[in-house]
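**Student:** Sequence:
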Amino acid sequence: MVNEEPHLPPYPHQTPHDFDHVHNHEHEFTSNSSKSMILISITILFSILISLYINYKPRHLSLSIYNVQIPTFIGSYSGSTVSFILSFEGTVSNPTRSDFSYSSSTADVFYAGKQVGSLFIPGRFVAAGLENVMEASINVNPVPLSTVGLGYIPVMYGLKRAPKPTIEVELRMKIVGRKSQSWFFDRHVWTVNCRIGIVILDGSLLYVSC
Numbered sequence: 002m003v004n005e006e007p008h009l010p011p012y013p014h015q016t017p018h019d020f021d022h023v024h025n026h027e028h029e030f031t032s033n034s035s036k037s038m039i040l041i042s043i044t045i046l047f048s049i050l051i052s053l054y055i056n057y058k059p060r061h062l063s064l065s066i067y068n069v070q071i072p073t074f075i076g077s078y079s080g081s082t083v084s085f086i087l088s089f090e091g092t093v094s095n096p097t098r099s100d101f102s103y104s105s106s107t108a109d110v111f112y113a114g115k116q117v118g119s120l121f122i123p124g125r126f127v128a129a130g131l132e133n134v135m136e137a138s139i140n141v142n143p144v145p146l147s148t149v150g151l152g153y154i155p156v157m158y159g160l161k162r163a164p165k166p167t168i169e170v171e172l173r174m175k176i177v178g179r180k181s182q183s184w185f186f187d188r189h190v191w192t193v194n195c196r197i198g199i200v201i202l203d204g205s206l207l208y209v210s211c
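Each number in the numbering used here comes from the position in the sequence shown (counting from 1) with 1 added on.
Derived by calculation from the structure, the hints in this document are not laboratory data.
A quick note: this is a predicted structure, and the numbers were derived from the prediction, not measured.
A portion of the hints provided could be inaccurate.
As the list claims (entries may be wrong) - Heads up, simulated SDA-like pairs for lysine to any residue below, C-alpha to C-alpha not over 20 Å straight-line:
{"#": "1", "residue 1": "LYS175", "residue 2": "THR192"}
{"#": "2", "residue 1": "LYS165", "residue 2": "ARG196"}
{"#": "3", "residue 1": "LYS175", "residue 2": "TYR67"}
Using the sequences plus the hints, can you model the full thing?
**Tutor:** Shown next as structure tokens:
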């Protein structure tokens with residue numbers, strides 16, 4: 002008869018409970034490492050998003066009109082109509098980090114809801130962070146004076162009657178362009194309207210409100 006020796010653990014002083022404790026400790030260490038890696042990844046991703054927003058935060062293009070003038074103002078011999086040239090300067094500002102190009106752009110003059118002058122604006126390219134300044138002049142068709150009265154001047158708290166007979170025309174400028182963004186092109190339309198009061202006696206400007 003062979004006497005079998007009792008089965009002993011690999012290490013004489015370790016019990017099955019000790020092995021369970023070591024296994025639980027290893028599992029806890031792995032779990033904590035995974036949580037730390039996830040937290041680090043989220044922190045890095047959040048930092049990247051903040052950096053992208055700071056450097057590429059949305060900035061909008063702007064279109065403005067200024068320095069409006071009437072260099073030529075002519076009344077008819079009968080005094081029933083006036084015609085003039087309306088000149089102005091416009092600026093297309095591109096504060097974004099993407100290049101911008103525009104075409105199919107126009108500047109129109111309206112009187113009493115009817116178009117009395119129009120100008121085609123050639124397309125241009127505006128690089129990122131720059132602006133394009135344009136100068137334009139529009140020949141306005143004869144405007145009938147039969148409906149011209151004293152007119153009104155826009156003031157801070159409403160309207161005030163003008164001291165001299167005036168006409169009011171509206172200058173509307175529109176540009177249609179596209180902006181490159183991450184290898185894509187976005188089509189946009191920008192408009193600006195200006196109300197212009199003109200004294201019909203001498204063609205002087207009474208007000209310009211854009």
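**Student:** Hints numbered earlier in the text: which of these fail when held up against the supplied structure?
**Tutor:** Result: no hint breaks.
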